[in-house]
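Colleague: One letter stands for each residue in the lines below.
4 protein chains.
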Amino acid sequence: MSGNSLGLLFTVTSFGESHGAGIGCIVDGCPPGMDISVEDIQLELDRRKPGTSRHVTQRKEPDTVEILSGIYEGKTTGTPIALLIRNQDQRSQDYGKIVETFRPGHADYTYWHKYGIRDPRGGGRSSARETAVRVAAGAIAKKWLKEKFGIVIRGYMSKLGEIDIPFQSWDHVSENAFFAPNNDIVPQLEDYMDAIRKERDSVGAQISVVAENVPVGWGEPVYDRLDAEIAYAMMNINAVKGVEIGAGFDSIAQRGSVHCDELTPKGFATNHAGGILGGISTGQDITVNLAVKPTSSIAQERQSIDKNGNPVMMATTGRHDPCVGIRATPIAEAMLALVLIDHALRHRAQCGDVVVNTPRIPGKIA
Amino acid sequence: MSGNSLGLLFTVTSFGESHGAGIGCIVDGCPPGMDISVEDIQLELDRRKPGTSRHVTQRKEPDTVEILSGIYEGKTTGTPIALLIRNQDQRSQDYGKIVETFRPGHADYTYWHKYGIRDPRGGGRSSARETAVRVAAGAIAKKWLKEKFGIVIRGYMSKLGEIDIPFQSWDHVSENAFFAPNNDIVPQLEDYMDAIRKERDSVGAQISVVAENVPVGWGEPVYDRLDAEIAYAMMNINAVKGVEIGAGFDSIAQRGSVHCDELTPKGFATNHAGGILGGISTGQDITVNLAVKPTSSIAQERQSIDKNGNPVMMATTGRHDPCVGIRATPIAEAMLALVLIDHALRHRAQCGDVVVNTPRIPGKIA
Amino acid sequence: MSGNSLGLLFTVTSFGESHGAGIGCIVDGCPPGMDISVEDIQLELDRRKPGTSRHVTQRKEPDTVEILSGIYEGKTTGTPIALLIRNQDQRSQDYGKIVETFRPGHADYTYWHKYGIRDPRGGGRSSARETAVRVAAGAIAKKWLKEKFGIVIRGYMSKLGEIDIPFQSWDHVSENAFFAPNNDIVPQLEDYMDAIRKERDSVGAQISVVAENVPVGWGEPVYDRLDAEIAYAMMNINAVKGVEIGAGFDSIAQRGSVHCDELTPKGFATNHAGGILGGISTGQDITVNLAVKPTSSIAQERQSIDKNGNPVMMATTGRHDPCVGIRATPIAEAMLALVLIDHALRHRAQCGDVVVNTPRIPGKIA
Amino acid sequence: MSGNSLGLLFTVTSFGESHGAGIGCIVDGCPPGMDISVEDIQLELDRRKPGTSRHVTQRKEPDTVEILSGIYEGKTTGTPIALLIRNQDQRSQDYGKIVETFRPGHADYTYWHKYGIRDPRGGGRSSARETAVRVAAGAIAKKWLKEKFGIVIRGYMSKLGEIDIPFQSWDHVSENAFFAPNNDIVPQLEDYMDAIRKERDSVGAQISVVAENVPVGWGEPVYDRLDAEIAYAMMNINAVKGVEIGAGFDSIAQRGSVHCDELTPKGFATNHAGGILGGISTGQDITVNLAVKPTSSIAQERQSIDKNGNPVMMATTGRHDPCVGIRATPIAEAMLALVLIDHALRHRAQCGDVVVNTPRIPGKIA
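Chains as they are written, first to last, in our numbering: chain A, 1 to 366; chain B, 1 to 366; chain C, 1 to 366; chain D, 1 to 366.
Mixed in with the good hints there might be a few duds.
Identical copies carry no separate label here, and so any pair may be met within one copy or between two of them.
[What the hints assert, rightly or not] With a cut-off of at most 27 angstroms between alpha-carbon atoms, the simulated DSSO-like pairs for lysine-lysine come out as follows:
(1) K159 with K75
(2) K266 with K307
(3) K307 with K75
(4) K364 with K148
If you're looking for bench data, these hints aren't it; they were derived computationally from the structure.
Chain A on its own, in the form it takes in the complex (with noise of 0.2 angstroms):
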C-alpha cells in the first residue's frame, strides 16, 4: 500500500528500476480458467516498447516478459500471475552525471527528500520504463473484458503540440509511429518532430482513449467512482497533467440544457458526459482524454542545483523520447481496461444477484 499497488480486487503490484535487473508485477485476482499465453501479452508490449521509430528513444529493450506463475495449462487458475521483464539494455555510465544533481522536471528532488536516498540509474524508479509492466498487466485484463463481455478499449493521438489530429479511422492507429488515427496528417507530425528533436527540445502531446460496450451499473457511487478511479489510473501515468472524461473541461462554458444527455427508448441522444452518469456506466462509450506534458529531458543547458545547494546548468543528453506522449497509448488503454476489470469485480460481488427487468437502452442511438 506504499503506492505500487493498483486496484482492489484485480490488483496489479508493481516493481523495478530503470536499470536494475528487471521488471515486473504480480497480478492477483484474476478469474480462473481463461486462456492466456506469452504471445497475448507480449503482442501488447511491442506496440509500447523503445526503438521502434525515430520519433522515439533509442534504448534497445525487447522488453520479453516471463510468465512464472498462475498459469496452468495455458490458463489462469486464480492465483497470483507474476510477470517478470529483465532489463537488458543498461547504460548506467550515462547517468553518472546525475548522481549528484537534480535533473529540472524529474523526480530527482522530490525522491531525494522523501527517502533521502535514490537509484539515479536512469531516473531508478520514477522512469517511464515501469510502464511496461501495466502494459502486460493490461493485456490480461482486456482478454479478459473482451471475451466476457466483448468490450473493446482503443487509444490515439488527439494532439501533437500545437496540431490538432482529427479522427479518421481506427485502423490508421496501427499504421503509423504516432497511434494517430489519421495518415495523412502523419507527414506533417514527422516534419513536426524532426523540427524539435532538431531544436533539442520537446513537446506535449494529447491521448484519447475509448472503452466500447461496457455494460450499465460498474463504479461506485460516492468515492470510487469509476470516472474517478480513471483520473487516478490516468494520472499515475508518468508525464500526465491533466484528465477529462466525456465533454471535460468543454463542460464549463456549457449550457444544462445542452451538456446533459437525453434518452430515448432508441439509446441515448448524445454523449457529453462521457458514458459515466453518477460515478457509474451508462452503457454508452467511455471516453477519456489525457495530457502529457513535454519530456523533461532535453539536451538543452538548464539552470538546477547540486545536492549542496550550489547552482549548476547541466543539459539531458542520452536516450530519451522527445515525446513522452507518442508510446503513452497503449500505457492509457492498459490503465482503463485494469480499472474496468477491477469495477466489473467489484460490481459482481455486491450487486451479483440484481436482475433489472427495464430494457436496458443502447449506448448509441443506431
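Starting from the structure of chain A, add chains B, C and D where the hints point.
Modeller: Just chains B, C and D, lined up with the frame of chain A:
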C-alpha cells in the same frame, strides 16, 4: 470498500441520503491530541450550506453537525470521530413523479441498473448533499495540516460559464456569493446567473484550489502519486468532469524548455508542474483546476424514458442550484485537505526516519 | 484503516465510546434488495444486552438501534447502512478515580502510551460495549447468509471456568442465562458464578461457534485464508486469548492417519479440519472455539501504578460482568457471520463464473 | 486483495507454485536507507529449507534468493523489493496420479471447487513451499525491527506430538534438527519421529514464538488488534489449527485475580496477557503458541474420491515432511516479524507526534 471510504490512513467513511434521516461519516486515523470543536467544523459547513443567496438552491438546511465520538475534553483521542448531520428540509413529495422515470444527466438510470433498486427521494445517495460530509471531515484535516505544517488550502471560482474570472485577491473570495477572487466582476456574474435562471437553464464552472506550504516529499512513486490521488478526489465530487494539475492541458502545446521548471538555489524558477514531480510534492504550491458540469436538473422539458423504456418528457422542478459549481469551492478544498493529510501520515509511516542534509529550496523565488 | 474497520467487501466501520454520546457503525457493501428491519437487528442486540440476569453487568442499556441510511421501503439499497445506538446509562462519576491510574488487565496503560491521551470514562473506546455494534452489523450479515445460502450460525458456551459443559441441544442455548447447550448443568453454573461473585473475583470461559451449510470454496488460498480471517475476527473480540478451528490444539498430539478427514462419495468421514482445508471451506460445518479470559475488573485490591509511576492499590468497583464470556456468544456468532459474508462476496467477485461439474460431496455422512 | 498480500503498510505480495518456475514476492513499504544483502535473507531461508535432516522432506531445494529491485548500493531505497526463488527440484511425475483425485486433508478438493481448475503439481499454490517467501520477507522485517528497536524474535518447538519439550535455553534451538530449546530431549524426539516414519504416519507439533523489546503502544484498538493480527498471520501458515496469546486457552479456568497482571513501578508482575492489552503492546514479551496439525501426506492408504465422485483408495508417496511443524519455527518467526513491522509503521503514521511523560515501566521485573 464499496465506494464510500476515502483515504488509507486518514479514512473518511460516509453514509446518508438526500432525504433520509441524515448524512454523516466516520473519520478514522486522526492523530490524537488535537483540539477540535463543533465550531471548527460548522464554520466550514456554513460556507457550503444551501440557501445563502439567490444563486444557489433554496433548500433550507442548517447542516448542524453533531460529534458522536472520538473527542474527549475537546481533543481528538485517536479513535474514530463520528459526525452526524440530521436532514431537516426533506420534501419527498417534490420527487414523487421521478420514481418511475430517469432524470437525464442524473444517476437515476445507472443506480437502477447497478442495484436494481434506488431511493428516488432527491436522488438518494447520488445527491450532492453528501458532499457536506466531506466538508465536515475536511475541516478536521485542514486544521491538523495548518497547525502542524502551516499548510493553507484555499479555493476560488476561476470561470463561470464563458466568463473568465481574473484573480485579484484571496480576500475577495469570502466577500461574494460566488467564491470569486475578484469583487469587481461580481455584478457581471450576478447578471449572468440571473439570465440563466430566467432561461430555466444551468451552466458549468471552473474551480481552482491551491495548497501552500506543503513539505517536499509527500506522495507515492508509482500508483498513489499525489497528483493521481488529487485527480481521484476531485473527480469524486459530483458533476466534476475534468481535473488538471499545474499547467494541465496547456502542457500539450508547451515545449519541454518552457514547461520544465528550473531549480535555483533561491527556489524553483516557475511552477508549471503544479507542485508535484514524479507523483511527489516539491514544496511549491500545489495548484489544481476542476471542471464542473452544468446542473442536470433544469426546468426545461427534456426527453427521457420510464422504467418500461417508454419515452417521456420531463422537466426537473423543485429547488436546485443553477450552477453547482458555485458551492463547489469548499468541497474541493476539503478534498485536497483529505488527500494531503492521508499522504502526510503515509509519508511519516514509511520515511519517518529520513533526515536529508541537502538544503530544501523554497517553493517560490523570494 | 486505523483498526476500526472489518472486512474487505462487506465492511463494518465502527465508532463510539462506552460513556460518550453513543456507539454505531457504517455497514458498506451490503448487497441490495434484501428486506431488513430494525427488529431484525434488535433481536440480536437483545441477546447481548446487559442487565438481563444477575450473572452479567447491571448497567441498564436498552441498546436501541436506529437505522440512519441505506434502507428504502424496508430494503437494502446497496448504499451504506449507518446504525446508531445512543448510550443511556452513562455514570461517568463511577470512573473518576481511574483517570490518574491504570487498571490492571485493562487497556488503560497501553492506550495512554499509544495515544498520549485517553477517554477514561468506562474504558472509553476499549470497552466491550463496542461489541454491540458488531452484533448489529452481524445481524444483517446473518440474514443475508441465511436467505441466500441457508447458512445457520450458532454459538454456545462450552466451558465456564473449570466446568466443561457437555453439548445436549441447540434448543437449550436460548433457555438459560449462560448460552449453555445443556439445561441440566445450569444450576451448577449458577452456583459457580454466585461463589465467584461473592469472592469478588471473575473467571474465564470457552465459546464454541458453528456455521452450517457454508458452500465449498469460500476463503482465499494464502493469506486471507478463511480460518485466518476467523482467527483474526475472534481475537478482535475483547478478552479473547485463543482461537482454534476444528481439532485445534488437539491436533498437536494427533497422527495424520487420525486427523486427516477421509472423503467418501457420501461425504467426509470426519471433521477434524473444522470445515476448512487450505484456507478454503469444504462444505462441512465450520467449527471454532475461543478462549475468553476472566474479567479484569474485579473488586479485589490489586497493585498498579499512577501516571507518575507511583505504586497504588486499586479495586475496580462499579458494574461489571463477572464472566465476560457469558455475553460473548452472540458476539462470536456475529463475527463469524461477518467473515463469511465478506468471503461470499469475494468468492463471487473472482470466481462468479466457475461451474464445477464434479459432484459436491455432502459435509456430513447422512 | 485476493488473498496473496499481507500487511497494510509493509506489504508482502506473494506468488508461485510448488512445481512452477519459481516462487517469490514483492515487499512494498520498507523504510529506505537500511542495509540489506542477499546473505541477510539467505540466512533465514537456510533455516527453513528442506533436506537438512532425515526428519524433514528430502526434496532438494537450495532456495537461492535473487533480489530483483528496491536495493541500491546495498541499501533499501523505499521502493518495492522483489525477491525471486527459482524452483530446482520439480518432479512433476510424482504427482501424475493425483490429478484426477483429491488427497484427503489437502486443499485439492477445495481449490477444485473454488476455481474450477487446479495446478496439481505438488499441490500447486497450496503447497507449503510458498512459506519460503514469507521467511525471505520476514528476514527484512526482522532486520529493521532489530536495528531500530532492538526487537528480538525467536521461536522454538514446545511440543512434538505427545511430547512436551521443556524450555532449557535459546542456545539449543539452533543446535538440533527440531528447533527444540532443549538438547537433552533430542534423542527422544529422534526416536519418536523415526517410529512415526516407520509407521508411515505423521504427527502434529506446537511452536512457540516470542518477541522481546517491543515498545508499548503498537496495535490498533478495535479490529486490527495486535493479537488479532498475530492470530491471522499464524493461522495463515499451512497446517496451523490454533493460536493462543499469553495464557491462551489456560485463561478459561483462571480467576481474574490470577490472570490479570499487576503493574508495579519496577514492571509488570506477571505476563499472562502475553504482552498485549486491549489489542496494544504493553512492552512485555509477546508470547504466542501455535498448533500445527500432522502432515496430511502419508503413505498409508486412505479413502477418497475422484473428480467423478467415485470412491478411490490413495496413499501419498513422494517426499514429505513427517511433521510439518519441524520446519515451522522460522516461518512463525517471520510472520510475527511481518505483523510487528506493519504495526510499527502504522503506529508512527497516526501517533508519530505522541510524547508521553509517564515513565514506561519495564516489561519484566528485573
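Colleague: Does each hint hold? Answer for all of them.
Modeller: Each hint, compared with the structure:
Taking CA atoms no more than 27 angstroms apart as the test, K159 paired with K75 passes in neither setting, with 39 angstroms inside one copy and 42 angstroms between copies. In this homomeric assembly, K266 and K307 come within 27 angstroms of each other (Cα to Cα) only across copies, at 14 angstroms, whereas the closest approach inside a single copy is 63 angstroms. Within a single copy, K307 and K75 get their C-alpha atoms only as close as 51 angstroms, which misses the 27 angstroms cut-off; across copies the closest is 19 angstroms, which meets it. Taking the closest pair of Cα atoms, K364 and K148 come within 27 angstroms of each other only inside a single copy of the chain (21 angstroms); across copies the shortest separation is 37 angstroms, beyond that limit.
In this structure, only the earlier hint numbered 1 is contradicted, and the remaining ones agree with it.
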